[in-house]
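From first to last, the protein sequence lines are chains A and B.
Just so we're aligned: 90 in the working numbering is position 90 of the first sequence, and the numbers increase by one with no gaps anywhere.
Just so we're aligned: 59 in the working numbering is position 59 of the second sequence, and the numbers increase by one with no gaps anywhere.
Honestly, I wouldn't trust all of these hints.
Unchecked claim - A short, non-exhaustive set of chain B residues, derived as facing chain A with CB atoms under 8 Å:
(1) D17
(2) D36
(3) L38
(4) L41
(5) A46
(6) K49
(7) A50
(8) K54
(9) L55
(10) L57
(11) E58
No lab work stands behind these hints: they were computed from the structure.
Quick reminder that beta carbons are idealized off the backbone N, C-alpha and C, glycines included.
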Amino acid sequence: MRLEYFEMIDRVAALDLVGRRIETRSTVPQASPVFEGHFPDYPLVPGVLLTETMAQASGYLVLAMRSFAEMPFLMAVDRARFRDFVGPGAELEVEAHVAHEGSGYVATKARIATGGKRIADAELRFRTMPFPGALAERMRERARQIGLVELES
Amino acid sequence: MSSTYDTVAGIIAETADIPRETVTPESHAIEDLGIDSLAFLDIAFAIDKAFGIKLPLEQWTQEVNEGKVPAEEYFVIKNLVSRIDALVAAKAA
Numbered sequence: 001m002r003l004e005y006f007e008m009i010d011r012v013a014a015l016d017l018v019g020r021r022i023e024t025r026s027t028v029p030q031a032s033p034v035f036e037g038h039f040p041d042y043p044l045v046p047g048v049l050l051t052e053t054m055a056q057a058s059g060y061l062v063l064a065m066r067s068f069a070e071m072p073f074l075m076a077v078d079r080a081r082f083r084d085f086v087g088p089g090a091e092l093e094v095e096a097h098v099a100h101e102g103s104g105y106v107a108t109k110a111r112i113a114t115g116g117k118r119i120a121d122a123e124l125r126f127r128t129m130p131f132p133g134a135l136a137e138r139m140r141e142r143a144r145q146i147g148l149v150e151l152e153s
Numbered sequence: 001m002s003s004t005y006d007t008v009a010g011i012i013a014e015t016a017d018i019p020r021e022t023v024t025p026e027s028h029a030i031e032d033l034g035i036d037s038l039a040f041l042d043i044a045f046a047i048d049k050a051f052g053i054k055l056p057l058e059q060w061t062q063e064v065n066e067g068k069v070p071a072e073e074y075f076v077i078k079n080l081v082s083r084i085d086a087l088v089a090a091k092a093a
């Protein structure tokens, strides 16, 4: 993970396009500018970044489902819960699946665990739109780096 | 009005945070109630869940944008309710 660059997903561990489900892995860095403020001498990953992590896992799932034809943009976060602290070095197991595929939007349910213990979950919704500008290639490039494209093919 | 109307009006009022009495069968979701496209996606999600359907919003939007169908056909509440009833009936058939 590179928190300050919003690179929340290190690798895709599993992708099931039929079951519309994804599993990803991330390791929280030992140091980050984020921890300088959150909090001084007591570093914790902010809940908004845990939400972003669940959103990115969901987003890569939607990208794979739509074969990179559309970009999912986060539009709603419901029932978010943060059940334990997450600090430097934590190994995050992220799971997301599609709860409903609507017209122009996709709803997912996502959760984060460490060592099998649930630490965060949320229900998310994404507006799906044609890619603006050159974003599609950037997203494909990042998807390649985390192994999504490899699993998709 | 029908139970579909009551459910839809309740969803719109709650999701768009507008008084329930503001919503009438003749209301235009966009012009009268001020619901924007993003808020309408929230409403579509709630309607999809409540009725077990998939509102074809992208198709409707395209038809309106291309001038094939007036927006009133989809976004005046009584017409929206009729479309929902038709989708529910089609699903049950």
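Evaluated hints:
1. D17: At about 14 Å, which exceeds the 8 Å cut-off, the nearest Cβ of chain A leaves the hint on B:D17 violated.
2. D36: violated (12 Å)
3. L38: Cβ of B:L38 sits 6 Å from chain A, so the hint holds.
4. L41: At 5 Å from the nearest chain A Cβ, B:L41 passes the 8 Å test, so the hint holds.
5. A46: violated (10 Å)
6. K49: holds (7 Å)
7. A50: violated (12 Å)
8. K54: holds (6 Å)
9. L55: Hint holds; B:L55 Cβ to chain A Cβ min 6 Å, cut 8 Å.
10. L57: holds (4 Å)
11. E58: Because about 5 Å separates B:E58 from the closest Cβ in chain A, which is inside the 8 Å limit, the hint holds.
Checked against the numbered hints given earlier, the structure breaks hints 1, 2, 5 and 7 and satisfies all the rest.
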